[in-house]
Every structure is written in C-alpha cells, then in structure tokens.
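S.K.: Chain by chain, the residues run as shown.
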Amino acid sequence: MRSDGQHDRSFVRTFFTSPAAVEGEADSAKMLRRAVQLRGMRAPDVWVPDNEDATAPSMRDDGIENIVDVVAEHGESFPGEIHPRIVWHRDRPDTRYQGLQQMLYIADPERGAIEYIDGFVVPEVGDIDDWKKADECLTIIESEYGLDEGRLSMSVIVESGQAELALADLRDEIGKPTNNLERLSLLVDGEVDYTKDMRAITPTGELPAWPELRHNTSRSASANGLIAIDGPYDDIRDIDGYHERMTANQAKGMLGIWALTPEQVIEANAAPLPPKTGTWLIDVNGHAVELNAEDDVQVYDGEQLSLEKIESDRYRLGVGSNERTVCDDELHEELLQLTDYVPSLNDIVDSMETFEEATEAGTGAIAMDNSTTLSIDGIEVTISDERMWDEATYQASQTPISLFQDVYENRPDQREELREMYGEHVVKRAMNVG
Amino acid sequence: MRSDGQHDRSFVRTFFTSPAAVEGEADSAKMLRRAVQLRGMRAPDVWVPDNEDATAPSMRDDGIENIVDVVAEHGESFPGEIHPRIVWHRDRPDTRYQGLQQMLYIADPERGAIEYIDGFVVPEVGDIDDWKKADECLTIIESEYGLDEGRLSMSVIVESGQAELALADLRDEIGKPTNNLERLSLLVDGEVDYTKDMRAITPTGELPAWPELRHNTSRSASANGLIAIDGPYDDIRDIDGYHERMTANQAKGMLGIWALTPEQVIEANAAPLPPKTGTWLIDVNGHAVELNAEDDVQVYDGEQLSLEKIESDRYRLGVGSNERTVCDDELHEELLQLTDYVPSLNDIVDSMETFEEATEAGTGAIAMDNSTTLSIDGIEVTISDERMWDEATYQASQTPISLFQDVYENRPDQREELREMYGEHVVKRAMNVG
Amino acid sequence: MRSDGQHDRSFVRTFFTSPAAVEGEADSAKMLRRAVQLRGMRAPDVWVPDNEDATAPSMRDDGIENIVDVVAEHGESFPGEIHPRIVWHRDRPDTRYQGLQQMLYIADPERGAIEYIDGFVVPEVGDIDDWKKADECLTIIESEYGLDEGRLSMSVIVESGQAELALADLRDEIGKPTNNLERLSLLVDGEVDYTKDMRAITPTGELPAWPELRHNTSRSASANGLIAIDGPYDDIRDIDGYHERMTANQAKGMLGIWALTPEQVIEANAAPLPPKTGTWLIDVNGHAVELNAEDDVQVYDGEQLSLEKIESDRYRLGVGSNERTVCDDELHEELLQLTDYVPSLNDIVDSMETFEEATEAGTGAIAMDNSTTLSIDGIEVTISDERMWDEATYQASQTPISLFQDVYENRPDQREELREMYGEHVVKRAMNVG
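Residue numbers (the UniProt record's numbering), protein chains in the order written: chain A, 1 to 434; chain B, 1 to 434; chain C, 1 to 434.
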C-alpha cells in the first residue's frame, strides 16, 4: 500500500514475513507473489518481504530483485503496509554495508517500488548507536532520492541483549537533532536469535518465554509512541498455543505478533478484537473453565464442582476435593468470587455508551451491573455483580475499541468480514463510541 | 501530623486516599472529615486527600478548599503523614499549571494547613525531566512561602511506561545541584492508568499483574532510599485476594499498598507485621496447606496425604496420587522437605537474640534448630531441621523487625493494639533486638 | 591455575567459595587446603577463597595469609581459575580501603601467589561509579607491581538495587579511556544480601526467586561479553531443588551457579552439559513426566493418562479427568502435542552434522524427523514429528555444544570423566562439530 494513503497505523496486529527468493522453483518470487495478493483477514497489517533469515544467503541478490518486481507490480493494491527486511548486523560492518546497498536498490524511484513501501525492517541491531547507523543509512537514501526526511520508517528486530538495553535508552535519544530516530515504527522481538545471544539452554530446545524481554519491548513502545510485536511462533500447527501466547502478550500491551503462514495471519488478525459473544468463566482449581450458555442459563457440566441443596437455605458446595456447607448468601458470594465474564464487543460498547451518558449528565463514576444465572448439578443460582466505572476504567476499556476502530478505518478490505462477524449495528456503534 | 514531629518514616504500609469533595452531599468534605479522624490500626501511615481521580473534575475547586479546611482543623492530631494528591499530567501543560496553583493554595501558611502536611503526591508523571518540573514547582512554593528548601516531600504515581523508565534514571539525577529531587518520598504504582498507557488488554478487563513494574519500582526505592507502594486493589470485598497481592509484593520488597477503605487499611497495616503465632505448612501438590496445631502436634487432616505403617521401619506414604514405601529415615527426610515453618514475632526475636549472643561470644555462624511432631492419619512423626544463621541471614531476617520498630515508634496510636496482639513482653524484646 | 595458561573461559559452570580462615581448627586454612586439591568433576571452574562473608571478621587477617600460602603452594596445579573474594562496600570507605590493602597483600609478587590468581571478586558493589573505584584499585595494584594493565580480572557480586541498575549502565561505561572495566569477568548474583537491600519479606524467611534480577544479570553478561552466575543455594541437601534452579537459570542464559560444597560442584559442573541419553516427556496436566524406555518403546505407567481401543479407528483417550473419543489421526496429533523430547549429546551432534552437510550442499533449511513408539495402557502408538532447522535453529542449538567444547578444552582434568560418561566416539564428534 502507501502512495500516499500514508496511513500511519496506531495498531499492528500482524507482521507477516515471506521469503524473498526460494531456490529450485520456476519462479523464485513465488512466495512474494502469493503473499501480495492476500486480502481481508488473510492479509496482514504489515507485510515483510524478507531478504534476511527466510532467504538463503545465496539467493539474496535474486531476493532484492524479486521484492522490487513484485512490489512495483502489486504494491499499490496491497491492503497493508509493506516493510521489506534487509540484512544488518551489529558486529559486522560488511553486512551493514550490504544492507545499505540492498535498501538503495529497492528504494531507487526508477524501479517503481518505493512509492508502495512504508519502510524497512532492520534485524540484529545492537545498542542505540547501532540503531543510529541504520537510521543514518535511511537518511542518506532519502537524501539521495529526494524523498522527504523521515519518509521511510524503520523497524528493528530486538534479538540481542544489547538491543534490549537500547529499548530503555531510546527516549533519551529520539528527537536529538543529529538523528532521525522519529522514523521508528515497530519494535519486534526475535526470540530465536535472542536465545542464542543470551546463550540460554532448555532441555528440549524449546524457546524460553522471555517475559522480561516482552515487557521491556512493550514499555519502550509505550514510552516512545511505537508499536510492539512479538516474534515468530514456530509450531505452526499448534493454534491453541499461538492463542495462549497472544493472550499473554496482550496482557503486556504487546498487541501484535509475527505470522509465518496465512493461517497464522487470520488467527492473529482476529485475536486482539473483542469476541462476538460474551462468555462466563468459572475458576476450577485455578483453571478458568468456560460455561455453556443454554438460553439464559450458564451451565457447568464438569466434575470438579458439585452443588446439592440439603435443606432450605443450606447447600453443600464442592470445589475440587473441598466441600463446605453454605447458606444462600454465602453461596452467592462464593460463586461470585469463582466466576468471571468475558465481555463481547457489544457489551463493551454498551458500557462505554452508558458511562458517556452518565458523565455528560455530570456523574463521574457509575456502577455497572452484571448478572446471570448459573446452573450446577441442576441447581440454579442467580448471581449479580457490580463494578464501579470511573474515568480510568473507561479509558482502560477503550484499548480494544480503539484497536477495532483503527482496523476498520485502515483496512477497508476487512470491513465486510467484520460486519458479517459482529453485525452491522454493533459495528456502527463501535465506530462512534469513545 | 507533622509540625514538626518530622517523623521521616522508613516504612509505609498504607497509602489511603479519600475523595477531596463528593457531589450531592450536604458536606462535600464528608469523606475527608471521616478519614482524618481514624486512629489506631484503622488509620493509615500515609493519608492522601485526593483531588485527582477520586474527585470529579467539576468538584476540584471545592476539593482544594476542603483539604485546607479539614487539615487545618484536624491535621495536628492525625497520627499518620498527610500527602494531598493534586492534578498533573506529563502531556498537558495546562494540567501542570493547575497542579502548581492547587499546591500554592494548599501550602499558603495563612490558611493554616501546611504545617501538618508532609508533602504532595504528583500523579501521571512522565520521564525524569517531568519529575523535575514537579520538583521545581515545590521549590518555587517553598521559596514563595519561606519554607526550607526540601521541606515538602514529593511522591509520584508511576502510571506510564515513561515513568517506569524514569525509575532507572533517578539515581543519576538525584543530588544534582539544579534540582531538589532528594525530596522524593514514595514511589507509588498506579496500575489502572499504567494498563491504559501500555495499551494492554485482558479478556475479562481484569488488570494484568505487572510483576516487572513492581520489581522496578521496588528496586528504584531500594537504590534511592525511597519507599515503594503498590496501587489500588479494586475488589474491596476480596480480602483473600488483597492478602495474596500483599504477600507477593512483600517478596518483591514492596511493603506498602494503596488502601481504598478503612477495612483495607486495617488489613494492610497488619499484613507486613510478623504473625502472633507460628504456623507449620505442608506442601501438597505445590500448594502450601496450614497444619492444625493440637497441643504440640501439627495435624494434617486433608485427603491428599496418607501415611500407613506397614511393618517396623516401613511406611507407605501417599502424596497426591503417588505412593511409595519408605523407611524411618526416608520418611523423616521426605516430610522435612514437604514442611515449612512461618515464624511468629516471638520466634524471630528469639533467633535474633540467640544470634546476637553467639556473635558477642565470637561465633560467626550458628545452627538454629526447628523441630515439631507431625500427625498424618494418626501416625506421629517428629521432624527436626537445622538452618545455618550467619551475618547475612541475621540481617535479612531483620526487615520485619525494623518495620515493627518503625511502626511502634512512629505510631503511638497503634501501640496498645500491638501490645494486645503480641503481648507486652514480646513487644518489649522486639523493640530492643537488632 | 593461570601462569600463564591464560585460559579465558567463555563459560563458567561453577563458582565455589571456601572460607579463608576457620576458627578453632589446628590449621585455620583447612578448608582452603581441601578445596585447592579438588580435581575432575569435583573441582570448580572458578574457585573463590572467600575472605568476606564466609570468614568471620576476626579471622580475616589470617584469611589473607592463608590465601597467599595455599595459592602459592598449590595454585599451579589447580585445574580451574582462582579468584579470591576480598571485602568491599559501596557505603563504607573504610571497608573499601581494607579491600585495597587485602588485594595489595595478596598480589605482591614477592609472596608468590599472584601468578596463579586470575582476578578478584568484589562484593557489595553499588552503582557503576562504585565499580570504577574497585577497578581503579586493581589498576593501582597492577601499576605498583609491574603487572600488565588488565592482567587482573574483576568479578562483582550483584547484591543491591544499585548494582542491578549498574548492569544496564555497564555498556555505556566499559571502554572509556578513564577506566579499565574491560577487566570485568563474572557477574554474580548474591540473593541473600540483595533480599536485605530490597527489604523483601517472605512468610517462611525463604529467599524470593528474583527472576528479574537474574534476567538483568544475564542480559548484561550477554551485552558485555561477560559471564552470569547465580547466587548460593542454601539448602545443600536439596539436590532436586538445586537442579530445578539451574534449569530455570539456564533458560535465562545464566549457565553458572555458586556452589557451597564439593557435592554441589559436581552437580553444577554436570547440569549444563547435555544428557548421555535422550528422554521422552509427556505432559500430564501441565507437568512433564518422563517416560520409561523399554527397548524402543516409551512406556507411560502413571494413572493420569488412559487409552482404550473401542473399535477400529476409534480410541478413548483420557487426560486427567477429561475423556474424549478420537480417531487414529486425532490420537496421533494429540499425543504429538503432549510429548516432547530431551535430546542427548549424541542427538545434538547428529542434528548439527546433518545440518552442516545440508548447508554445504546448498540447502538453507531442512526438516529433522523425530519419531518413537509410545505405550499407554498396553496400546502402542507411533508418533513422528518434524522440526524445521535453519541457520538460527542451528546456532541456538550450538550453545550446549560450545559449552561442552569449552569444558573439554580448558579442563583436561575432566576429560576422562567426560569420555567415560559419553563414550569416546561421541566426545570426538562433539569436539569437531560447530
């Protein structure tokens, strides 16, 4: 895309890499051609023609040409941003010089690709002075080709301890007159190389979870107005694992993730959006179990909870291997503590509208009521919870809505799927709230 | 308090906010008046008349006047420190200017409140240069009203990625001749706004636990001689949850927490103090279960552990679904590994006195013995453990005692409750040890 | 060792401290004499005659003399590096001056110890300016005794919030012309004093796990080319706990650990090396359970998994309390997700050799196959998994091999034990791969 719908996205859900040149194929640009034609939920927010790790070193000259050809031909109609990845290494000046040459080639306006390209992805960066070297390459390219200073964005792969440390230095350096680091766009974790750089070992060879790295990346994105993206999830068949990782990332403020396949793109495009329908959860020995909605009743049909009425206002409640006798009120209170609700898009919009009306009428905080009927072993119990909403709650709940609005505005190719998923009416209200 | 009992507390357990003005009440200062009259375990170590988020924007002019009135009238006899919270925002100069005006109003000696006020709480700070702006406002106020430079303390709410980064910069900036950042007192996390600033999403809207933020806050407090306080725990009926949070915080060195109600104040005042009586725990599938003391025997009466004597020096020990046959020695060793002891105030004082005597006699390390009799399925087993104490163990165990001493000295209004709780004798010894 | 086999180790598995002088013994240097004669897997990579916390203050003058005597006599033949720990404290100039004097005494070439000493361990450091003070002491000593600048390495104990912050500053300071911080060698966590400095409290007095401290130490080691070491594990009888700690550390890139006894040295020397034989694991309710290899079949004989054939291509699979009916393919897929493989040294060498051949032949990524037969309730199921290996996977898997090679090269005294453990053939191949 670009040229110059300009679209500076506030959110990026998906960072999809494609090999720039594959060996032994009639058309070495096959993967690029396939990717650039993706649309809708199969198309990523950011597409990365990858002339680094995904492309064999011997194929990288072809890769650069393929990128230029495919982007020049199809870039205009691609619905997401385009950020090719070139080679770079904090410890190797020759690799950095190759990276400069690759970018010079791709960015040459004569070749017709640059107008659809948003920026470049720079891997293997080191400390902040190394980031400045890459920034300087982009400044030179802009100057050489008469592009506006800052026209090309720069995204980095954080895959070394040095780069992780640079995340904390960034805010002191961005905005200095001798660099153009304001061009920074995505901060992307690269856990495979990071694991190597940290010299970590796990018994099975599985990657460590690196929670601190992800926190520090997300924090730097927050402090500098950038966007945090998690690295690749290798086990492409393990959709549940991919989802769990995204849920954990979202709780860190890292709303985007790498995708290796169009199937992962679909999952990762949908994951940070609120669900179509709300769900009740119940905590069973520390695990959240989803209840089955039957009409308006939420049914628990596992075997870890038990409930029996032993006389009027006396129940026997079993949770795991613990049993206790409780009265009506205690039962209500106990179940309230055990349950939780995952709101739908519609629910969030409802609450926000209600809060907005209340503040317009001069009230700063209101109680939102949430009630349902649970059924355990055939006994129905109605629980009802109140949650106070103030300005801060309101603003915190706004993140998924802002993301939804950002997607809807910047990805016209996904609108129909979103309207089908949520219904026309909810989508319209979601676009007007906040 | 203050004026000038001066009391620079080394520890702060409780940070209790009260709305400065509530709408629709005959007396908009009702909440302040109620709070300022709290005493004993219901009164916090730090009381925060809150003219920011807890008070509707339309009521904040009233709020400032209420703070001045209530503190001028009752401040002298309030047993804790008083730190009003004013408005501030890293991104909004107009809000910062309002903050300055609010502080100028409150601090005016003519109004009679300032002599009881220890300092101000500044919310929504950004990076360290923003902290300096707030510090400069306080310097101006001190200069304007002829107060000693540094007389007013400054506490900040860490509720942005920028502020979290500033925690690591603080030690390089504090002590520079161009600022008075030595006035810093509390570093308080604010997880609601932090979650918004980090753009984090959780399915149920629950706040993420943010372990790294809490670590970084505690670390900065440690490195700069300040005090770390965790943010509000919203679910005010969930006392167990509040306790779990405090236990987790204490293991991070974050000994204080926000309190929203006098009930939370009671809990949070008591939580970091050692218990009156010691307790034995046994690990059952990764969960620590408290044993019931019957006379001198610690009885396990759950169903996850089983013990049977099958012949002389042969037992069958079941832990969860695992069973194994063990001899006497193995049984002892196994149970020793599974059990743990939570010492009482008395126990800690005992150990410290013993160690102090030993070092006076020239011994650098001594073995502390701890033994008890367990009863499982009616079979009694006596276990006995030794732990080496050296200078480092001694000093690490001193933290709860130092906290106890700090409380006892600075909070005369809590002495009677403490003596009732622990007994006169233990309290006296605890005040003399260390 | 040293003098001047020089051996700059890339990896350090074990950091073994011995009291420099014990009271009440005929020979106060007894512990030193015993330690310096350790060989093979009982001897540490780094040996630390400890004249700080392990030695009573009143014995430290003796300690210094003992260190000189024992190292001068036995140092030449000791197979690991020798790094005495002296006294130091960020807050006490008198202690720092004592530290300087202790080092001056030990390093005096007249006394004959220094040629076998690699460097010094400096405890209780504060922020980076305090590290520079210790570095300056070493520079003075080198100058005084005509040693090359940088000849003496410096290792620090990170046991304060200030020192943890310094870890992030190090890369900006190392290499400045006014210091010799390039002499830094080990970054060692000291959790007992760190816990005190952070003022953390746990109910049982157990040390907190401090995951962020360990991450930050490991990250700084990675960013500055240093080596990260975890602190002491006090419960010396709890070998399982020590192992779990090391496994967690290794996943953070912290491959070395403190050892308090020769038994801990053996464990910690072996822990980061790949196992002799591979093992299959199966995930049972979140716990990895090792399967028993009987011939080529991996047998599960616990009670948490069940498998029953109910008709052709129909199985009932039970995992914990969940049961479901699955067809052949689903069963295969399900079991594949539940299982994991811990490769042996031989397996890792195999995979690396295969990958090296493939890249020589021009292929950038190959699929490694891994298959086995599982047996659950007597039913055998063959599963087979493919994992893609590219350059990054290859390099990440290299860490344990590089460590193995480093050990084999620098510790001739362990070669025989390694050959006995793994077999001559595998050892030879492991030394040639990578």
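A couple of the hints might just be wrong.
Heads up, the list lumps identical chains together, so a pair's fine if it works in one copy or across two of them.
Said to hold, decoys possible - List time: in silico EDC-like cross-link candidates among lysine to aspartate or glutamate, alpha-carbon distance up to 20 Å:
hint : residue 1 : residue 2
1    : Lys276    : Glu115
2    : Lys176    : Asp91
3    : Lys428    : Glu65
4    : Lys276    : Glu206
5    : Lys276    : Glu417
It is worth saying that the hints were derived from the structure and are not from the lab. All figures in this text were calculated on a predicted structure; none of them were measured in a lab.
S.K.: Does each hint hold? Answer for all of them.
M.R.: Going down the list of hints, with the structure as the test:
| no. | hint | in the structure |
| --- | --- | --- |
| 1 | Lys276 - Glu115 | neither (37 Å within a copy, 57 Å between copies) |
| 2 | Lys176 - Asp91 | between (25 Å within a copy, 19 Å between copies) |
| 3 | Lys428 - Glu65 | neither (43 Å within a copy, 44 Å between copies) |
| 4 | Lys276 - Glu206 | between (34 Å within a copy, 19 Å between copies) |
| 5 | Lys276 - Glu417 | within (12 Å within a copy, 54 Å between copies) |
Going down the numbered hints, you'll see the structure goes against 1, 3, while the others check out.
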